[in-house]
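> Line by line, the protein sequences give chains X and C. First residue of the first sequence: 33, per this note's numbering; consecutive thereafter. First residue of the second sequence: 5, per this note's numbering; consecutive thereafter.
Don't take each hint at face value.
In the SDA-like style, the derived pairs of lysine to any residue whose C-alpha atoms are separated by at most 20 Å in a straight line are [stated by the list, open to error]:
1) Lys131(C) x Gly115(C)
2) Lys303(X) x Phe215(X)
3) Lys353(C) x Asp326(C)
4) Lys131(C) x Asp405(C)
5) Lys256(C) x Phe274(C)
6) Lys303(X) x Thr321(C)
7) Lys303(X) x Ile56(C)
8) Lys303(X) x Asp405(C)
9) Lys256(C) x Val278(C)
10) Lys303(X) x Arg7(C)
11) Lys435(C) x Gly290(C)
12) Lys353(C) x Leu235(C)
13) Lys122(C) x Leu235(C)
14) Lys256(C) x Ser310(C)
15) Lys90(C) x Asn72(C)
16) Lys256(C) x Asn270(C)
17) Lys303(X) x Ser310(C)
18) Lys353(C) x Asp405(C)
19) Lys134(C) x Pro119(C)
20) Lys303(X) x Lys353(C)
21) Lys90(C) x Ile105(C)
22) Lys303(X) x Asp326(C)
23) Lys303(X) x Val224(C)
24) Lys131(C) x Gln169(C)
Hints in this document: simulated from the structure, not taken from any laboratory. A quick note: this is a predicted structure, and the numbers were derived from the prediction, not measured.
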Amino acid sequence: MNLNELSILSLYSAMAVYALAFIAYSIDLAKRSSAVSAADVAGTASAGTATTAVAGGNTTTLTRISARIANDAATPYGRSASLRVGVSLTVLAWALHLVAAVLRGIAAERVPWANMYEFAMTGTLLIVTVYLIVLTRTDLRFLGTFVIGLILILLGIGALQYYVEVAPLPPALQSVWLVIHVFVASLGTGFFALGFALSFVQLLQSRREERVGGVKPGGLKFLSTLPSAFTLENLSYRVNIIGFILWTFTLMAGSVWAERAWGRYWGWDTKEVWTFIIWVIYAGYIHARATRGWRGSRSAWLAIIGFAAVMFNFGIVNVFFKGLHAYSGL
Amino acid sequence: MSRPSDHIDSAPAPDQGGVTQPKLGFAGTLRWFWRQLTSMRTALFLLLLLAIAAVPGSLVPQRSSDPNGVTQYFTDNPDLAPILDKIQAFDVYSSAWFSSIYLLLFISLIGCVIPRTKHHLQALRAKPPKTPARLARLAGFTSRTAPAGTDAATAVATARTVLKQGRYRVALFEGPGEFSVSAERGYLRETGNLVFHSALVGLLVVVGFGSGFGFSGQRVLVEGQTFVNTLLAYDSFNPGRFFNDTELDPYKLTLDDFEVSYETQNLEAFGQPVDFTAGVTVTPRGGDAAPGAVRVNDPLRTGGTSVYLLGNGYAPTITVRDPEGTVVFTDSVPFLPQDANLTSLGIVKVPDGLADQVGLVGFFYPTQDETTTGSYYSSFPDLEYPVLTLNVYSGDLGINDGVPTSVYALDTDHMEPLATRTSDIQPLELKPGDTQALPNGLGTVTFENATPDAAEGDYSGSVPRFASFDIHHDPTQGWVLLFASLVLGGLLTSLFVPRRRLWVKAVERADGSVQLEYAGLARGEDPGLESAVTALADRHAALLERSAPKDAVPVGNPGEPA
Ligand code: HEM
Numbered sequence: 033m034n035l036n037e038l039s040i041l042s043l044y045s046a047m048a049v050y051a052l053a054f055i056a057y058s059i060d061l062a063k064r065s066s067a068v069s070a071a072d073v074a075g076t077a078s079a080g081t082a083t084t085a086v087a088g089g090n091t092t093t094l095t096r097i098s099a100r101i102a103n104d105a106a107t108p109y110g111r112s113a114s115l116r117v118g119v120s121l122t123v124l125a126w127a128l129h130l131v132a133a134v135l136r137g138i139a140a141e142r143v144p145w146a147n148m149y150e151f152a153m154t155g156t157l158l159i160v161t162v163y164l165i166v167l168t169r170t171d172l173r174f175l176g177t178f179v180i181g182l183i184l185i186l187l188g189i190g191a192l193q194y195y196v197e198v199a200p201l202p203p204a205l206q207s208v209w210l211v212i213h214v215f216v217a218s219l220g221t222g223f224f225a226l227g228f229a230l231s232f233v234q235l236l237q238s239r240r241e242e243r244v245g246g247v248k249p250g251g252l253k254f255l256s257t258l259p260s261a262f263t264l265e266n267l268s269y270r271v272n273i274i275g276f277i278l279w280t281f282t283l284m285a286g287s288v289w290a291e292r293a294w295g296r297y298w299g300w301d302t303k304e305v306w307t308f309i310i311w312v313i314y315a316g317y318i319h320a321r322a323t324r325g326w327r328g329s330r331s332a333w334l335a336i337i338g339f340a341a342v343m344f345n346f347g348i349v350n351v352f353f354k355g356l357h358a359y360s361g362l
Numbered sequence: 005m006s007r008p009s010d011h012i013d014s015a016p017a018p019d020q021g022g023v024t025q026p027k028l029g030f031a032g033t034l035r036w037f038w039r040q041l042t043s044m045r046t047a048l049f050l051l052l053l054l055a056i057a058a059v060p061g062s063l064v065p066q067r068s069s070d071p072n073g074v075t076q077y078f079t080d081n082p083d084l085a086p087i088l089d090k091i092q093a094f095d096v097y098s099s100a101w102f103s104s105i106y107l108l109l110f111i112s113l114i115g116c117v118i119p120r121t122k123h124h125l126q127a128l129r130a131k132p133p134k135t136p137a138r139l140a141r142l143a144g145f146t147s148r149t150a151p152a153g154t155d156a157a158t159a160v161a162t163a164r165t166v167l168k169q170g171r172y173r174v175a176l177f178e179g180p181g182e183f184s185v186s187a188e189r190g191y192l193r194e195t196g197n198l199v200f201h202s203a204l205v206g207l208l209v210v211v212g213f214g215s216g217f218g219f220s221g222q223r224v225l226v227e228g229q230t231f232v233n234t235l236l237a238y239d240s241f242n243p244g245r246f247f248n249d250t251e252l253d254p255y256k257l258t259l260d261d262f263e264v265s266y267e268t269q270n271l272e273a274f275g276q277p278v279d280f281t282a283g284v285t286v287t288p289r290g291g292d293a294a295p296g297a298v299r300v301n302d303p304l305r306t307g308g309t310s311v312y313l314l315g316n317g318y319a320p321t322i323t324v325r326d327p328e329g330t331v332v333f334t335d336s337v338p339f340l341p342q343d344a345n346l347t348s349l350g351i352v353k354v355p356d357g358l359a360d361q362v363g364l365v366g367f368f369y370p371t372q373d374e375t376t377t378g379s380y381y382s383s384f385p386d387l388e389y390p391v392l393t394l395n396v397y398s399g400d401l402g403i404n405d406g407v408p409t410s411v412y413a414l415d416t417d418h419m420e421p422l423a424t425r426t427s428d429i430q431p432l433e434l435k436p437g438d439t440q441a442l443p444n445g446l447g448t449v450t451f452e453n454a455t456p457d458a459a460e461g462d463y464s465g466s467v468p469r470f471a472s473f474d475i476h477h478d479p480t481q482g483w484v485l486l487f488a489s490l491v492l493g494g495l496l497t498s499l500f501v502p503r504r505r506l507w508v509k510a511v512e513r514a515d516g517s518v519q520l521e522y523a524g525l526a527r528g529e530d531p532g533l534e535s536a537v538t539a540l541a542d543r544h545a546a547l548l549e550r551s552a553p554k555d556a557v558p559v560g561n562p563g564e565p566a
């Protein structure tokens, strides 16, 4: 068995463990839902407090904007055993994933991000890395289902659809800028992915919060064990601005590389166009957060559209659009 | 902060009461319009519009980056293409509509940045604002009792010292029975934001005008050939609007050799190029020749220009003689690669010296192989078994009409096929060193071997290679880099430097003790504010504890057990 085959084995093992982690996170969400139902049965009083908390939301907004993120869930819920299992499995899968990427790099004698298969492998590795690092600072364990679900889809497509054998880099890709530009872009994608998941849950949450005030409760029960839409929005913003800075750097490093490779730093090549579009969407997102009437769900939609564009840039533009950015064997 | 009035931190504009509002008048309308243009909502709208407007340029080929694609598009969609062309869909990024969006955006930007800059310059010199009457409503509110014996004025003076050490700007305030210090820090956040937005304007200006001062040109060189950096030496030359030919520095550049290495170990990538290196000699005007190299991703910077290696291929040396044996044509002709194994296509035109004008359409196979149907292809890009086939045409080459024709194309409409796959005589087939007769006794053609003395079967040096170079001059590139760095630096400071106000208030209670109150206010995103307030309170308490009079009597009754 050579190094690349070991890498593949390690990657498939990682995917299997991610799948188990995904199941564990899902069980946790299911348990949260039933805990919420139990709480509802135990007394309608809890619903009453939830309502006041939300009704007070508007006036406290200004002062709480800077509040250190606390879990301000309507129905607080600790860490279930399955959540702990989910996180442990994620760490294990991440280690296998890391080994897969490192072995691939050693087998190819270069950085493991030079074709679609390798982008998918390293990009998802960075998403999980960002997620795990953020976990040490803020409790986002409840996002596990969303993040690991995304990882499974991306890795599945990457490994099944785009697998290529190890090949040397064509001269066009032999550059330190490949190392810098692509790595930073993938890291930025990791932050955007997390921001996307947060904004997505934020939208669900704010719909629930609107409903709680009204007459029609229901929907996804586990949501009331998650932080408020307001908190989710702040978290999402914090993650997305880091992604935005990395993306700004990606754009600039890409221009420096384009100058060295093609003799012009900017030429509206399709890939350049999409990198620019993504940058502008996220600039719009940051502005939306600072514009009266655009905070909340509207800006969350922009973060979601931004991440959709990132995925489009990676999955569709790379494969179907014609341009200078050709990748060795895809 | 003099931000647009719809900024989330601005106070809502006072309601002007629609009915009683006086008519705006011309100046008023202008002012209203200007306020709309420089509002956050407009900026947001224009940004999103810009993102959408950039999309079509990735769906339809662009003249600037893919002119052949545009031509192809016109051929493939003869009905749609002219309509798209009308709305400038093939020139999206220089189109009227795309330009108006970003110009409006930048006008809005300038209109937004100037008042903010003015305001910020004032804020930099102003004192922190007065302490709010009720701190309890603010972030991180903390209330403590000062150590006994500390009076309110001293407590606040100590707080002032702590804050000053934390690089806050401070101001003391005094009211009946209370003292307070108001502190502010993080002016750098707004500075960063203004630098960021201004640098965007700088970037646009430099990019917009910069290209006008430079040029780009292309030149193909066969191994051994020399190029002198003058206008006439270029195969094609695109000067910027403000470029002056006399700025060209006439250095000499010789392509000594062109080295290529191919992957031969890894069967998965067999034949894939691993390295291209153009070995060159550069001779500056009046200077000494020096060796250099041009590689992909690694341009040569010389004489105010950058030389890029864009393409390469084979340039077989072909000699045509008349029936008497006099040379009427000899040259190394660059053949354009058609596939990854460098099957290459080239044209030879012999206008004079033979009984008829002759045109040759050549196919070159560096490693010739044959399919089961008998057609040729190249199975490896290096010179393992080179074969040249030539289709021969005679008649009118079409170059006497004065219409410029491409050296890479032959119009055979007015020519007679003498030796092609469909004529009686099959195309000529030559290996390096071979000579064959042209049909109709027109003469002979020779495929020269560049290394005639090489061992039998070693063709590795038999055919010269060519390299195509792009030569660019852009004097504003440094400025672009400078503004881009300012953009990034401004962004980092404006997003990560916390801008906050902190207050410490000391109130004398009726019983003689002093109550200390701490609170903060974030200006923009500031996740660390509450812990900053707590940290301040702790540090302040520690200092007060240390300086409190040692003989002070603690509040309460001495002697009694606690
Ligand atoms: C070329 C167009 C523009 C781009 C790419 C852009 C981008 C950005 C970015 C990335 C930020 C966040 C970083 C920072 O705070 O410095 C930002 C913030 C900001 N921009 Fe812009 N901007 C543009 C135009 C404008 C215009 C026209 C206005 C005025 C209406 C404006 C007003 C602001 C304000 C007030 C902030 C601070 C937001 C806050 O308080 O968090 N920008 N802009």
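> Quick check: which numbered hints come out false for this structure?
1, 4, 5, 6, 8, 9, 10, 11, 12, 13, 16, 17, 19, 20, 22 and 23
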